[in-house]
Amino acid sequence: MKVTLNWLRNHVDFDGTPEELTERLTLLGLEVEGVERLAGQLDGVVVAQVLSRDKHPNADKLSVCRVADGRGERQIVCGAQNFKAGDKVPLILPGASLPPKAGETQPFTIKVGKIRSVESHGMMCSHEELGLEPEAFGLRREDGLLILPETATVGQPLAVHLGLSGSDVVFDLEVTPNRPDLNSVIGIAREVAALTGKPLRLPEVTVPEVAGGAAAPAVAVRLEAPDLCPRYTARVIRGLKVGPSPAWLRSALEKVGLRSINNVVDVSNFVMLETGQPLHTFDLRRLRTRAAGVPEVVIRRASEGETFTTLDGREHTLTPENLLIADAAGGIALAGIMGGLDSGIQADTTDVLIESAYFTPTGIRRTSKALALRTDASYRFERGADVQAAESAGRRCAQLLLELAGGSLSGEVIDAFPNPPPSKELTLRHDRAKVLLGVDIPAEVQAGFLAGLGLEEVGQGSRTGAAGSVWRVPSWRVDLKREVDLVEEVARLFGVDRIPSTTPRGAVGSHPFDATYDRFAEVRRILTGLGLDEAQGQTLISDAAARRVSEEVVLLANPLSSDMNALRPSLLPGLIDSLSHNLTRRNGDVQLFEIGRVFTLHNGAAREGWRVAIALTGARDPRFWSGADRDAKADVYDLKGLVEELIERLGLRGVAYARRPESTPLMLESAAVTLGGKLPLGQLGQLLPTLAKRHDLRDAVLLAELDLDALLARGNPARSFKPLAAFPSIQRDVAMIVPEATTHEAVLAAVKQAKPGHLEAVELFDVFRGKHVPEGHKSLAYSFTYRAADRTLKDEEVQASHDRLVGVFQSALGASLRA
Amino acid sequence: MSLQERLPAILAAAQQELRAAPDLPSLDRAKGKFLGAEGAFTTLMKELGSLPKEERPLAGKAINAAKQELEAVLSEVRGALELRAALPKEPADFTLPGRRRPLGRLHPLTQVTDSIVRAFRKLGFAVADGPEIEDEVHCFDALNTPKDHPARDAQDTFFLDSTGRPLLRTHTSSVQIRVMEKTPPPIRIVVPGRVFRRDNADATHNPTFHQIEGLYVDRHVTVGDLKGTVEAVFQEVLGSDVKLRFRPHYFSYTEPSLEIDFTNALVRKLGKEWLEIAGCGMVHPQVFENVGYDPEVWSGWAFGFGIERIAMLCYGITDIRLLYENDVRFLKQF
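Chain order of the listed sequences is X and Y. Per numbering that gives the first Met the number 0, the first sequence runs over residues 0 to 818. Per numbering that gives the first Met the number 0, the second sequence runs over residues 0 to 333.
Hints are supplied without guarantee of correctness; some may be wrong.
[Said to hold, decoys possible] Which chain Y residues face chain X? A few, computed with CB under 8 Å, are given here: (1) 95; (2) 101; (3) 105; (4) 125; (5) 128; (6) 162; (7) 239; (8) 241; (9) 244; (10) 255; (11) 324; (12) 326.
[Said to hold, decoys possible] Below, a list of computed lysine-lysine pairs in the BS3-like style, where the Cα atoms sit at most 27 Å apart: (13) 692(X) with 271(Y); (14) 1(X) with 271(Y); (15) 146(Y) with 423(X).
[Stated by the list, open to error] Away from chain X, derived, C-beta distances all over 10 Å, residues of chain Y: (16) 14; (17) 82; (18) 186.
Keep in mind the hints are simulated off the structure, nothing from the lab. C-beta atoms are modelled at their ideal positions from N, C-alpha and C, and glycine is treated no differently.
Could you put the whole structure together from the sequences, leaning on the hints where they help?
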């Protein structure tokens, strides 16, 4: 909502600067989003009166005048001839500038100077010098000075006298949706009045008697849908003349960003801005009547499929949800939103029907949304207009039209208002403000605030018996619904900045997620400690990417685009995108992890869960200047090492990694990660090279994703101390050749089967294929550590156990020992 | 010349030769020459037998003393030569870059979230959480959002293609309802999390972003408490020079509702007087009634703000999309 300082000042006195007003409105909850200063036209030109006119001593054609400028007298030398003492004329004061004439670029600045050795303190002006068309202001075109009417006020800025825009300040205010009453100059002025204690000035609306006495109505109104239109008022003015608006009206509208159309349309816009009540004007003679008699306006629901063309030329197909203003032949306006193409005001319109109605917010909102049609009127109605203002705004509109466009009222005023709502009453207990605000504001101060806003105290006491007052809520305050809303008014006017700050006391919070938050932090600490950077990916991804990792994808009903039409069922597609983003920016070595939520369908219902995922590509280690391994790329064992470290730190035991026999839609080689082969924990592996290529990823891309909920539920991070070994250990190494298909896990299973006594640790230290190892086989070298807790083991004891173990390797794994 | 008269010259020659040894083998050779089986000192010891009996002890003592002196020199020289032998051929250049084991970095959003959560926790708040997929009841109805409020539009809110009109939560305030439904008052929680709005991505919008909010419900909770807590949290997060301003505003679930502007050196550097940072207010009595709390007994406040906005302010990040691209050149800066 834009409002100008001068317009506000029509309704309330405000002495402060625009900056002060900005500050006070903002702290009142009317945030000032922008302040624009408008330079005035004709600054420095005032209405002056010629007191005397004498001949110039040194020039025949000049005169020396004494002129009153409202503050005092000035001596002015003048060359014009068309004036006499007593005339009121425009006077430009020294220091001010005249607008540049045609063909000139620089304005002409007036100085005190001598003309033929007589001082002149300013200059009396002609209409040409001021750049004005006298007819536009109802003045005579003179050869010489512009002569102003006798009624002009001496000392008044000429711009004000002519209704031109003087200097002004435009405030752009953010009006919150709960305060439709602030979408009007009067509403804002009321806030200023309540804050400053200055009285609010409402326009005096006097409308002349209807010509020819209280005649029959000039129009009939049939209100068929009072549920959507609780009130409809109509007035008719006949014999007016459509024309340009006067300068003051044009300027008032233009300053707040509205274009001037003609006097009739401008008046209805002006009244809407002033009062907040949207109005509509129809050309009465364009209403189609069925039979003889006055035209009838019907407020009805559209029939299914009925078409209507709004004045912007768009044709709409309507449903009974849409409210129409109709005549005998069909719609003439989409109620509360926009008029029709054929019923509007034209240059030759003489008879006007003024509609001022109240349409319900829900109805307007539905129609406006369904038809994608938003106007200043729909904006106000859908937030809630003032049902009581409908009549007075119509009257105000009529008054201004009669003033500016002539004509006369015809027929009586129609006010269809079948069920006026009762006025609302709210009780404010005196101590309630203290309870909620934490500051003691005396009851009479609170009452003063509410009265300043237009509430009326109608009683004492309260239902709970506490001391309180009953307040009648004015009809424009649709937001005041219960006691706490009154407390807010008290807080606003008291000033939130004046409420002292206190810190919370009492209870300490608790929530089951509190501990989870810390465990997430622990996972982050582990993974950053392992050198991974944390990523945050988009929750919304494309369904194509989502379907690569899950068949149970949750789709959006109203996506923004096809790249963001599904909820991520996995963190991996997002991480692949992040790797790709890095690669295209030549960051070839990327190691990321992410913790986040994923979404999958289970029996048609969306389910969400936390995951942690890792993605690696490029160099294993940061670049270094020496070493055989320095160009090593990350491989699947780097990934596995990270996963193992994380899982171990989280305290999970018995995690199994089962290689999947086939490639998946995402992975070339991959393993399912489970707890004990049963509970799925996630997967890890290498991205399909075809997919990698599509994402510009050249090196192997290693991906792992684990169910973080399960990891945290099954992990036991508790630690306990085990005594340090006191006796020496004995180590035995075994190198054996096994078929390629024999896994490390199979070797461990064989160890478990043999159960050699005193075995403390098994460590794989070499895997080898090549020389001396037959095709389809590999050599595995293990080191076994034996130790007893209570004594030093003897070689022979260990040898016996170890020989049995080797025997099991041979029998169960078909291993042959290497020398 | 007597044995004792010759001794000093032999010792001096031995010392000189040992000290002159350029490496360990030369040293060993020199040692053999004087202390070995055929060495000069061994020869002297053998000569000792030919001395008169009464001269022997003195001469023996002298030889031993000289030998000890020589052993000391030998060990000194050997130590020095061993050290020299241990030095690598190429000296280490300590100005060369080391072999790094770099720590990964936490995402800036995580770091900012952590700092905000830390500030709340100091004041006794517990971290709470709720689902990102919500229903209209928890996201709107229970929060007193009018039925025809624009926020409920498909224009602004993502709905899922699923029965029951599930949606992606548009704010973390839905967690207020989830927690209050399940827990009797008092309540003191802080809720960080992802939220979703149907905005096209640009420099200041991403359809996914993060919010954090605090909720405090107890007896006698006032606007004063709200202000005090907000001030404490923002002083922790944005620095002790931060100044806050509270402006009346409108949210359906609080009454009174306030918007919070802040200012500090950073804001002034941006050429602004105030920057909007958060919304807050006293929990609306209707919201309390919706979760079965008696608004006559309990009062409370809630306040919430966007984490991206704080992160962008704190680090001077100019485009929100950087936060979701995971460019390592970006991540490594924090």
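Hint check results:
1. 95: With a minimum Cβ separation of about 7 Å from chain X (threshold 8 Å), the hint on residue 95(Y) holds.
2. 101: Holds - the Cβ of residue 101(Y) comes within 8 Å of chain X, reaching about 5 Å at its closest.
3. 105: Holds, because the Cβ-Cβ distance from residue 105(Y) to chain X comes to roughly 5 Å (cut-off 8 Å).
4. 125: Where the cut-off is 8 Å and the nearest Cβ of chain X is about 4 Å from residue 125(Y), the hint holds.
5. 128: Constraint on residue 128(Y) satisfied, holds at 4 Å.
6. 162: This hint holds: residue 162(Y) lies near chain X, its Cβ roughly 7 Å from the closest one there, short of 8 Å.
7. 239: violated, 15 Å
8. 241: violated, 13 Å
9. 244: Holds, because the Cβ-Cβ distance from residue 244(Y) to chain X comes to roughly 7 Å (cut-off 8 Å).
10. 255: holds, 4 Å
11. 324: Given a least distance of 5 Å, the restraint on residue 324(Y) holds.
12. 326: holds, 6 Å
13. 692(X) with 271(Y): Distance ~48 Å between residue 692(X) and residue 271(Y) Cα, so the pair is violated.
14. 1(X) with 271(Y): holds, 22 Å
15. 146(Y) with 423(X): Between residue 146(Y) and residue 423(X) the Cα gap is close to 22 Å, so the pair holds against 27 Å.
16. 14: holds, 43 Å
17. 82: holds, 25 Å
18. 186: violated, 7 Å
This entry does not satisfy hints 7, 8, 13 and 18, going by the numbered hints stated previously.
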